[in-house]
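S.K.: Residue strings, one per chain:
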Amino acid sequence: MSTPKQNKTRTGVNRDFEANVASLLAAGPSGDGDLEVARAIAATSQKVSVDITTVPFTTVPADLFDRTFDDPDVAINTPELMRAFKAQLASKLKSIRQLINDNIPNNPSLDIGLVVQFVFAALHQGGGQ
Amino acid sequence: MKKFAQLAILATALLAKTGDHNIVSAVYAPDLGVVRIFFSDKLKAVPSSAETTVTLKSGAKIDASRLVVHFEGQGTRSVAVHINGAPVQDVVTQIAFSTVHFADDTTGSNVNSAVDNPGDGVIKITKLMQQIANTQSEKSIFASGLATTSSSGTAGAADVNLNSIDLGIPNLKTFLQLKKATAKEGDPKNFEFGLNYMSAIAIQDPAANRTITAILLDFAGKSEGTASKFGVNNIVGDTSVSLQSPVFDLGPRSSAHFRILGGFEGGSNRSKGDAPVDAPGFAPLKNVDWIARSKFGVEGALHVENPMKVLPFELIELRAGGVVRHLYFDELRYDMATDKVDKTTKGAHPWAQVDLKLMLGHTNQGNYGLKLTYQRGSLPPVFATTKAFQFGFVFETGDRTEH
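Chains as they are written, first to last, in the numbering used here: chain A, 1 to 129; chain B, 1001 to 1403.
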């Protein structure tokens, strides 16, 4: 049983050290796929960044999952960039690699939140009702 | 790139205007004890547990004191409902919120949805994603062209790209492309249709993917024709490898990216159409048979919004690209002087295109502006020399969200 996330921003001075520790901790799948989607977007677009030293992780832009991929502040605005995003996501979520490749369209107008919901469902198929 | 005609998006926008906000998807993960809900619109505040009802298949409802409701992820459209305490043994069938306050200051009463298990959720969400029609691509400068005005006069043009027909086979798409104009120097005489299998490999090294984020692989089988007159037809296999850059940040709402492409096209000529193959002096036409071409190209795009309103444009989008095909065997060529396909050619054949889009403003229905295209070079199958401008009005449907 997971617990609700608390918004708590870290303000320590050793940010590099914290980032390294956080990277190691975040190396495995996060459970709900949110972090992997955010990191795959950040690997495809330098307009987006992810801070994994905060709990929960935070992104720039802050409302990333409310936007579409072709939003000007995300700018994944061609089918080719969508293919790159999917490749990045599949490399981070190997257990659902095939579902990502086969089911997410190369359509930049997709809601990011809908893709997040898809990833959440796909990751938990094994524990179905 | 802005959104183009998308019925699903428009339908969502219309629903929002009437205040008919809804739940797009609700999925229960038993292993986490979490119902995750994705709303059609942003919420102003997360519903309280007292406003939340989780119903089981037996008809029983989970006690509100066991529920913890909060925003999930980075935004206010996803909500997670945690069911604390002993694991739920029954099937969760419905989620309902007695009151939901949306960000546009509307309030929904009894906003509810059936809850899917993860397997059904994957199927339903996939269908939802597919319903959002593919953008009217402006797909790839490597293979496309437009023409309206050339040095030989002004004329109409056709530019059709269809590349989203779902064959039910993952990553395999059909495509159809028509580039045609009536102005002689503005007509690439390019018509292609076929199948394309797509794959991609992520570049995971953080240092490397600052420049290249993925390698894109395309394998296509296609028919190349001349659209109307001449009747030339080639059957070609097309393999290409692209290096895709990430999106580079150029400031608020502005960005750039590029793609480098290399590939090989091989096949054979199936029809010479009206080419005078039996006429005296045209013997080389008869020998045109096998096709072998290598190609190399680069494409880039620049997208700049104009928040300062210094210029009368809201958005400036520049796309530029070029590809050089090298023909290893003789292929047919259109001769503008005779208006016939009566030559052969081999060697290098470049193609370049620049698109400049200036969006002047927007309405509730979409964005409007001007588009200027310049193209020069030649395309298969008859490599007609093209040198043309296109100038026109563009209208893109879809909302222009301000965050």
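Treat the hints with care, since some could be wrong.
Stated by the list, open to error - Straight-line alpha carbon distances no greater than 25 Å define the calculated BS3-like cross-link-like pairs of lysine-lysine that follow:
{"id": "1", "chain 1": "B", "residue 1": "1124", "chain 2": "A", "residue 2": "94"}
{"id": "2", "chain 1": "B", "residue 1": "1127", "chain 2": "A", "residue 2": "94"}
{"id": "3", "chain 1": "B", "residue 1": "1173", "chain 2": "A", "residue 2": "94"}
{"id": "4", "chain 1": "B", "residue 1": "1180", "chain 2": "B", "residue 2": "1229"}
{"id": "5", "chain 1": "B", "residue 1": "1340", "chain 2": "B", "residue 2": "1229"}
Calculated from the structure, these hints are not laboratory results.
S.K.: State for each hint whether it applies.
M.R.: Hint check:
no. : hint            : verdict
1   : B:1124 / A:94   : holds, 22 Å
2   : B:1127 / A:94   : holds, 22 Å
3   : B:1173 / A:94   : holds, 24 Å
4   : B:1180 / B:1229 : holds, 11 Å
5   : B:1340 / B:1229 : holds, 9 Å
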